[in-house]
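Residues 3 to 788 (the numbering used here) are what the sequence shown spells out, left to right.
Calculated directly from the structure, the hints in this document are not laboratory data. Just so you know, these numbers come straight off a predicted model, no measurement behind them. Note that the Cβ used here is the ideal one computed from N, Cα and C, for glycine as well. Among these hints, one or two may not hold up.
Heads up, simulated SDA-like pairs for lysine to any residue below, C-alpha to C-alpha not over 25 Å straight-line [as the list claims (entries may be wrong)]:
1. K54 x D478
2. K166 x N191
3. K716 x L706
Derived Cβ-Cβ restraints for the label pairs, each shown as a range [said to hold, decoys possible]:
4. K577 x S738: 15 to 23 Å
5. S606 x D674: 22 to 30 Å
6. S50 x E557: 20 to 28 Å
7. E225 x P531: 31 to 39 Å
8. T310 x P531: 40 to 48 Å
9. Q36 x K755: 19 to 27 Å
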Amino acid sequence: MVNRIGGLASGMDIDALVAKLMAAERTPLTKLQQKKQTSEWTRDAYRSINAKLKTFDTYIADNLLIKGFNTKTATSSNSKYVTATATSNASGNLTIEGVSQLATAGKTVGSKQVNSNAGVATGSTKISDIEGSTFTGTGEYSILLKAIKSDGTLASEATEVKFKATDTIDDVMKKISSSNAGVTAFFENGKLSVAAKNTGELAGNAAEVQLVTEQTKNGVKVEGTGNALFSVLGVGSPGSTDLVDGGSNAIFRVNGIDTERSTNTFTMGGYNITLNETFNSKATIETRIKTLEELLAATKLAIPDLETKISTLTGEAATAKDLYDDALKIFNGANTSSALSAAGKKILATMNKEQLATLDNLDLTDNAAIEASDLTDAQKKALKALKTEEKEALNSSLTNELNDLQRFSAYENLSTTSKNIFMNMDPADIEKLANISDLTSNDEIDSSDLTDDQKKALKSLSSEQRQILGNISSEDLKGMQEVINTKNAYDIKNTELTTKIQQLETAKSNEIKYTKDLADAKNALANTPADGTAVPNVTLSSTTDVDDMMKKIKEFVTMYNGLVKEMNDQTKEKKYRDYSPLTDEQRKEMSENEIKLWEEKAKSGLLRSDSILRNGLAGMRGLIYESNPAVSNPKYNTLFNIGITSSKSYNDGGTLEIDEEKLRKALEDDPDAVTALFTNKGDKQDTISVDGVEKTVDTRGFLLKLRGSMDKFKLDIEKKAGNASSVDNSYSIGKSLVDMDKRIDTWKDKLEKIEARYWKQFSAMEKAINKANSQSGIFAQFGGQG
């Protein structure tokens, strides 16, 4: 530590002198700190742009794509029977000719009165007090329930409802009804009623609410005691898992087709439809009976035909399997590959005959012997990495077995692409392939007599695949051909057989369903009174809400213009070069308002003429005049054609302008074309026919193209400025900040040494002056004596 003497001998203000000297020395550090601050501001300015781009992107997704761009209004010709709303996908009319049955939820009422120790049970009766109850103690029991879902299928996983023996009946009913099981339970006057919350019937006459006896979830096994509980409550029967049935589907006829839905409210043809009442029931049922009779007759005819085909295909598949097994047996030879690991087979696949001979003479448990062998470095490394049992499996193979193993290993490790190259070769071409001395050399391949297509295919393979293929003899290649051909033939027959078996299972299932449905329809017909005066068909139609679409487009343009203007202004913002970031010393001498005004000037122009912003804006602007050939009406395949153009003023930076009269006319004339222009879900590189010529074009709607352009824009900004979760070393400004931090630390260390040096020099001066003063005093004493 340097002793700091403050000018006692010299009479000088050393502190002030050092401070002034250090102020000059600190100038490079101050500039570096100001540069760092400017970089941080610039990073934040970029991130602010990205946040605005993300907000705009979310607005497009939520308000124009997910909610639907084309707003449509539905009209029902008779809302007493059918009501509907239209989605943006509604097109054309739907005609409901009759509804013979509305969907209902399955419901079961207890078959007996429930008693307790004190008489007829009530909602306040404890579970342990119900007559016949086996529930005791204070522990928890579980009811496992599966019920029909809103889509008409059974829940794949049971919902667990826990209860205690000390709970009342009402407590348990409340727990069941408030759970996610999809079941409502109600107890009144000594009887229990259980119903499915969702309407509809399950396929195969399955119960709409079922009990599960046990279920394992997250590794925990839960036992269901629901059957025991519901049995004493008079619902269900001991040992049965069926709790509620009797649900029914809505049955109706639409556009001449007999149809069913599990609910009375559903989506069809772009309409959200609600069936309110039945109408033309008898006529609808009569038509349904006729349709079911036709379906049942066709199904009964198909079943024996499928059974005959399955019998034939079973024999053909067995024959094909025998041919494949024979070919594989001949090809395998003394193959004992089952004893080898995948790693061992992969090593063998890369070896030629000389390398196999070397391998056969090696003690694979001796790594030094492996390293000293003539094998390739890759083969040595792979062999040494094998486990002891894998090495022993290779060591135990005789020479002839190694050859067979190598051949089969090569077959197993060849890719499908590699096999396809020689699959269709004739014997002469296979000889040409086998005669190429080094398949890893493109020159060797090019100098062969193979066709250009074959050469191209070979050169497209990885070097490992080429090495494996190059080690296979022409005889083995032909053997592989036979194995692959017989396997393909077997696979084809087996696939045909599997398909026919599935078709037979479906046909038999349909036969059961059609038989039941037909019986139900005939029963319903017998119990349905005559229709009386026929109700005219209910027609659903839709019209486009042009005003709403105008509002959406105008709102989008306003949002777009606001974003573009803000970014464009930043590229033109004036830069005040005399306003550098304030130092800590400068801040101490200024008021808060002065600091605020200063920093506004200092931050101005950070992104002036910025290439990322300019390129991003240019990419967005470039989309405005692009046509979209996927739009069916060429009159409206550009924004310009529907009245949306870029501002004529260069200073506006590409903001949009709307010719409202032209836009309204386009929407009224062909709203679907305008919708496609904005939202078509095409591809960036889509192949379509344009004027009879196939072309690869971008068929995405303008909004999707814009989102794609903004995605690239955001990515470019992130490469430069990162995001809130980025580490500094992952983006360019961050890397500069890391470098500046290191330089700042270096400068701080340097300045400490400089300041120490100044103090050392001044201290030396003070000591010298003090010494000189002492000597002067001595001389003065001597002079006085004379």
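Hints, one by one, checked against the model:
1. The hinted pair formed by K54 and D478 fails the criterion: a straight-line CA distance of about 64 Å is larger than 25 Å.
2. Pair hint K166 plus N191 holds up; C-alpha atoms about 22 Å apart against a cutoff of 25 Å.
3. A threshold of 25 Å between alpha carbons decides the hint, and for K716 with L706 the separation of about 15 Å falls inside it, so the pair holds.
4. Range check, K577 to S738: Cβ separation about 19 Å, and the 15 to 23 Å hint holds.
5. For the pair S606 and D674, the beta carbons lie near 48 Å from each other, so the given range of 22 to 30 Å is not met.
6. For the hinted restraint 20 to 28 Å between S50 and E557, the CB-CB distance of approximately 23 Å keeps it satisfied.
7. For the hinted restraint 31 to 39 Å between E225 and P531, the CB-CB distance of approximately 50 Å leaves it violated.
8. At about 46 Å, the beta-carbon gap between T310 and P531 stays in the expected band of 40 to 48 Å.
9. Distance hint check: the CB atoms of Q36 and K755 are about 23 Å apart, consistent with the given range 19 to 27 Å.
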